[in-house]
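Residue numbers (numbering that gives the first Met the number 0), protein chains in the order written: chain Z, 0 to 282; chain V, 0 to 271; chain U, 0 to 338.
Please note: incorrect hints may appear among the correct ones.
[Unchecked claim] Listing some non-contacts, in silico: residues in chain U with all C-beta distances to chain V over 10 angstroms:
#: 1; residue: Leu54
#: 2; residue: Tyr60
#: 3; residue: Gly74
#: 4; residue: Val75
#: 5; residue: Ala125
#: 6; residue: Tyr171
#: 7; residue: Val178
#: 8; residue: Leu183
#: 9; residue: Ala212
#: 10; residue: Leu222
#: 11; residue: Ala223
#: 12; residue: Gln290
#: 13; residue: Val294
#: 14; residue: Ile313
[What the hints assert, rightly or not] Computed footprint of chain Z on chain U; a stretch qualifies when at least three of its residues, placed anywhere within it, have a C-beta under 8 angstroms from a C-beta of chain Z:
#: 15; region: 131 to 140
#: 16; region: 146 to 154
#: 17; region: 191 to 204
#: 18; region: 225 to 231
#: 19; region: 240 to 254
#: 20; region: 281 to 288
Source of the hints: derived by calculation from the structure; they are not laboratory data.
Beta carbons are placed, not taken as given, at the ideal position from N, Cα and C, and that holds for glycine.
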Amino acid sequence: MIAISAADRRRRSIIDTIATGLIVAAGIGVIVPLFAILIFIFFKGLPALSLDLFTQNPGPTGVPGGGVKNAIVGSLVLLLLAMAMGLPLAIAAGIYLAEYGRSRLGFAIRFVVDVLAGIPSITIGIFVYTVIVLPMGRFSAFAGGVALALIMLPIVARVTEEMLLLVPQITREAAYALGVPKWRTIITVVVPGAASGIITGIVLAAARVAGEAAPLLFTALGNNFYSRDVLRPIDALPLRIFTYATGPFDYQHEQAWASAFVLVMLVLALSVLARAAIQRRAR
Amino acid sequence: MTSAAPRALHPGAGQDALAPAIVVERLTAWYGAHSAVRDVSIAFADRTVTAIIGPSGCGKSTLLRCLNRMHEVVKGARVDGRVLLGGEDVYGGAVDAAVIRTRVGMVFQRPNPFPTMSIWDNVGVGPRLLGHGGHELSDMIESALKRANLWEEVSDKLHTPAISLSGGQQQRLCIARCIAVQPEVILMDEPCSALDPASTIRIEDLMRELARDHAVIIVTHNMHQAARVSDFTAFMLADDGGGGVIEYEDTDTLFTGPKDRRTEEYVTGRFG
Amino acid sequence: MGHPTASRMLRPMQVSNTRARSDIQRPAGLFARVDARELLFRGLVTAVAIGLVLLVALMIYELAHEALPAIRKFGVGFLWSTDWNPPKERFGALPFIAGTLVTSLLALAFATAIGVGAAVFLVEFAPGWLRVPLSYTIELLAAIPSVVYGLWGVFVLGPWIQHTAGPFLLRYFAWVPFVDGPALGVGILAAVLILTIMILPTIVAISREVIAAVPRSQREGILALGATRWEMIRIAVLPYARSGVLGAAILGLARAIGETLAVALVIGNSTAIPHSIFSPAYTMASVIANQFREVENDMHRAALIYIGLLLLLITLLVNAIARALVWRVTRGQSTTVIE
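For reference, chain Z alone in the conformation it holds in the complex (with noise of 0.2 angstroms):
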């Protein structure tokens, strides 16, 4: 038998206590700078909350109060029109990877759809200024619709097909065994058998896009005043944000803190929201 010196032990048990100190401290430490940002938010954006912000456009600048309003609803038709311009098509992807796609073609079709995700959202609103913004000679909530609806499409389509791939071979077979073909079968099998899922994950994209300011930069580029035209420059509360938060006014700061706790309030139920659906339905 190998002799084990004692030392040889102590030195390896110590080892081991110091790596196991450290791995926990990095396991719980993990979640401070979350509850930092969150604590912040909460004690500067609360208070600052008045129902001005939301009833209010806002004011002349420099001049205090006012709101946000012209942001929220803003953000609402920009939601509006990416989803109604994306999901169409996220859906039809996913509905080709799922079904149609196992192939060598579809594998392609699925790594491309992946590395869409990573592009930066500044790129994707680049690209949007040239291919729609100069032709129009304008910047528009469309543009901005078109860019967050470019956005929602790789994730949306990912999700729809891992929903798709959750519904069961047999109950497809079954309506085949009765004569039913293919297309008719996703429709009104296959689809609606996974539209939980599905609509779960595109709560999650929501969330996710109404977030994003860097893409409207230079597509819907904001408004300081009302709009719910499709054919002008919208604001956008993320993009309101960015601009109060560097702006020189104390009244903008606080405003804008406002508008980050209605934001992440919102975004946090949104994902909240869709994770417990998710445990509800691994039961």
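Dock chains V and U against chain Z, hints included.
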């Protein structure tokens, strides 16, 4: 189910007591609330091959894993009783499980070489952990591979990945890895069940060779293997209360003239 | 002599043609006509999917097209020139490339060290009841929008660096290269810290999956040789999981490279090459965000789009490598991290 005598069972009656390598005293082992092994006492002789046989679920693997304190690696598992290695209880208060495992080694059912390491590095893991290096380490690795009857097949590719070996070779590699730390006892949990017949025979031969220097304890569901390979055999059965040793004899006696009716039924194939 | 007439010769049953269900519609022949609608549907979804691939190609094309004036004028030298003079139409991207590299790589180093540690904690140490809530909380970090990180960075992190961390570092660590100069609240350090926090969830989530996937037999194999728990992690678990963890790290890197607004708010916006961790700087993404709306001339815009093109190509490459690595480990199952 309690064993017949409260003292540790020694194999056979009228046998000269061979020096015991590891002695189990009133061992009970639980997974959560379920006891897999109940009040087992048995002494395993040194420099022999002992086989533990019995139907699925009789607790033989659990008993084996208690000998090198691997049983407790599973969440919710616990143990009561004593396991004496060289006279000291491995479950004693100040005992470090990791030290025990360098004295009681284990070979698993499926070969599990470390895939990111070469053949050489795999065998060297144990000695390296114990602080050996340089020439001494090389000698230990070479010697282990030779004793595992693998040296000739791999001596020209020692630094190639371990997973490039065939199944049978991988298992011999795992045996080499185990004996590189020179344990007193070698535990083998159905070591051939994932291998083809030719590899199985080679490993069975290896077991007999290893028994010259170690106590080899194997769990097997293959009675013919037990009959071929082992000097002593223990037969286990479980009831609701857990598994226990029904009979423990030298192998010839157990298979040709078992004393317990249940042993006879098992070895003649009437059940299990 | 006749055939043996089996009195029990089986006769085929008389099949009646009047079936009860004669109202069912069936196609006329045995083989249906090729269903045009099936082809149409399939063609449609395939076209959309292929369209996505074309979209990426179009992106590269369009950006290259718009950046052409700058590409023609400055060529590849654009990448290592430090000239940035919009009125004189002289442009060079080195400060921004340097800024991006420094902030992303540093953030990657920190986030990987902490993130892999946290992943190991989750898999090997955390008690059952803590696992799900903790993973969940880490994922919540990913849901916070970039602007909000930026806002927090400007008003909380910045002052903290300026008044607390900065002086501390300057007092005890001034001997370290690049720890120098007045401790401003904006600059490289602020950007690195924010980026680290932002890419942590990615790294933790994927690392956790690959570490949990290491088979039990590997862990037991090394424990049986007398290893301590840390030795088990170091020798059997981490090497086994290494390509997956690497993929996670590279994904995190891609995210850090493309991160725009949070960085834009805390990086200080200087076109000089940073010389210390407290220097203000620029990254490729943040310079575009800050300057695009106030371009002084067409060449300025083309230069910025040139930078955008570079950014696109770099992130495409890094993402492709990362996805390939993660795929190899998880065998194509989805690790879609919705952030």
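**Request:** Kindly indicate which numbered hints from before are broken by the structure, ordering the numbers from low to high.
**Result:** Violated: hints 10, 11.
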